[in-house]
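Going down the list, the sequences are from chains F and Y. Note that our numbering has the first sequence beginning at 3, numbered continuously upward. Note that our numbering has the second sequence beginning at 3, numbered continuously upward.
Accuracy of the hints is not assured; some may be wrong.
Same chains, same label: a pair holds when it works inside one copy or across any pair of copies.
List time: in silico EDC-like cross-link candidates among lysine to aspartate or glutamate, alpha-carbon distance up to 16 Å [what the hints assert, rightly or not]:
| hint | residue 1 | residue 2 |
| --- | --- | --- |
| 1 | Lys59 | Glu36 |
| 2 | Lys132 | Asp115 |
| 3 | Lys137 | Glu108 |
| 4 | Lys132 | Asp148 |
| 5 | Lys135 | Glu112 |
| 6 | Lys45 | Glu112 |
| 7 | Lys45 | Asp115 |
Just so you know, the hints here were simulated from the structure itself, not pulled from any lab data.
2 protein chains.
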Amino acid sequence: MSFPPFHMTASNMNTDNLSHHLAGTGLRSTPQREIVYSVLTSKRDHPTADELFARVKQQMPNISLATVYNCLETLVQCNLVRQVNVERGAMRYCPNLHPHAHFFNETTGETIDVEIPAEVLAQVSSVLPKHFKAKSVEILFRGVVDNQNTPTSL
Amino acid sequence: MSFPPFHMTASNMNTDNLSHHLAGTGLRSTPQREIVYSVLTSKRDHPTADELFARVKQQMPNISLATVYNCLETLVQCNLVRQVNVERGAMRYCPNLHPHAHFFNETTGETIDVEIPAEVLAQVSSVLPKHFKAKSVEILFRGVVDNQNTPTSL
DNA sequence: TTTCTACATTAGAATAGTTCTAATTATTAG
DNA sequence: CTAATAATTAGAACTATTCTAATGTAGAAA
Ligand SMILES: [Mn+2]
Ligand SMILES: [Mn+2]
Ligand SMILES: [Zn+2]
Ligand SMILES: [Zn+2]
Chain F
3 MSFPPFHMTA
13 SNMNTDNLSH
23 HLAGTGLRST
33 PQREIVYSVL
43 TSKRDHPTAD
53 ELFARVKQQM
63 PNISLATVYN
73 CLETLVQCNL
83 VRQVNVERGA
93 MRYCPNLHPH
103 AHFFNETTGE
113 TIDVEIPAEV
123 LAQVSSVLPK
133 HFKAKSVEIL
143 FRGVVDNQNT
153 PTSL
Chain Y
3 MSFPPFHMTA
13 SNMNTDNLSH
23 HLAGTGLRST
33 PQREIVYSVL
43 TSKRDHPTAD
53 ELFARVKQQM
63 PNISLATVYN
73 CLETLVQCNL
83 VRQVNVERGA
93 MRYCPNLHPH
103 AHFFNETTGE
113 TIDVEIPAEV
123 LAQVSSVLPK
133 HFKAKSVEIL
143 FRGVVDNQNT
153 PTSL
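The task is simple: from the sequences and hints, build the whole structure.
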């Protein structure tokens, strides 16, 4: 199963989004980078490098784990992917570039995106003393999902 | 240098706070646990297990790193200490039990506490869909401190 | 088109941080 | 005091990631 991109804006148009962003920073668009990016954005979850490696190998069987790490590092530098740190253990990667929070489901181990209104985000950022210049804010919930009659996802 | 406890309430009174909390969960108060807790709460920072190990050894030279890890795990389970995950790499430990956010200073690598008004926290929690039951919320800023004429800390 | 150069990929070694194991020691209960 | 239980310890094992050094690739210069 495949998903459409999260949102269509001038700066997020899946195809050639990558080479575009890479070009901007003097980095090359390579088959490995394209596939890692495409596989990551094709599913709305937060895989580890290892999990992504397994998915990517289906399309490019000779890619190495080191390359997956290298590609992810590149994508993070280009701001095409976010790192999310929900647990000790493996880093997770998020392809959703919209401002959002994460909810870590302690029962299943899954991390899902939670929309967060710009006004709430502004409220949060306003708590910082004037001379603290935040470049990013991460909001992480931990808890459980009360399954009375739950639609599979939001 | 030593600091007073962050705040005095019925459930946070430094001395015997520990044995009190431990008793509640059927755990023993031991010299190692007492010292790890006391050393951690005596400084307002967010040390790694290794850093804390170094500090604790000054008072108890034969304590082992494994024990520091064990004690920290116990303290986290008792809700006397919070884990904070600001970077890939070593876990950090926070002795401040008040609801607060963290600011990771990318220049210095230091993580400091930022007070966060209850109303803002409530705002943040309100963004969750009804069937998501959050047990905790973590807010982490990353950025730099604009040092025009900065007092050493807040 | 060949050559030069810089960049990217790769396998495997090395590293860092943490957890596990098995032996010893300490505390509590009977 | 003895037995049972829990905690500590040193070191081995483990996991995730980064590093190293060799090889591959692709565009730019000639
Ligand atoms: Mn993590
Ligand atoms: Mn971390
Ligand atoms: Zn996400
Ligand atoms: Zn803190």
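Each hint tested on the structure:
no.: 1; hint: Lys59 <-> Glu36; in the structure: within (13 Å within a copy, 50 Å between copies)
no.: 2; hint: Lys132 <-> Asp115; in the structure: between (29 Å within a copy, 15 Å between copies)
no.: 3; hint: Lys137 <-> Glu108; in the structure: between (28 Å within a copy, 10 Å between copies)
no.: 4; hint: Lys132 <-> Asp148; in the structure: between (39 Å within a copy, 9 Å between copies)
no.: 5; hint: Lys135 <-> Glu112; in the structure: between (31 Å within a copy, 14 Å between copies)
no.: 6; hint: Lys45 <-> Glu112; in the structure: within (13 Å within a copy, 35 Å between copies)
no.: 7; hint: Lys45 <-> Asp115; in the structure: within (12 Å within a copy, 35 Å between copies)
Checked against the numbered hints above, the structure breaks none of them.
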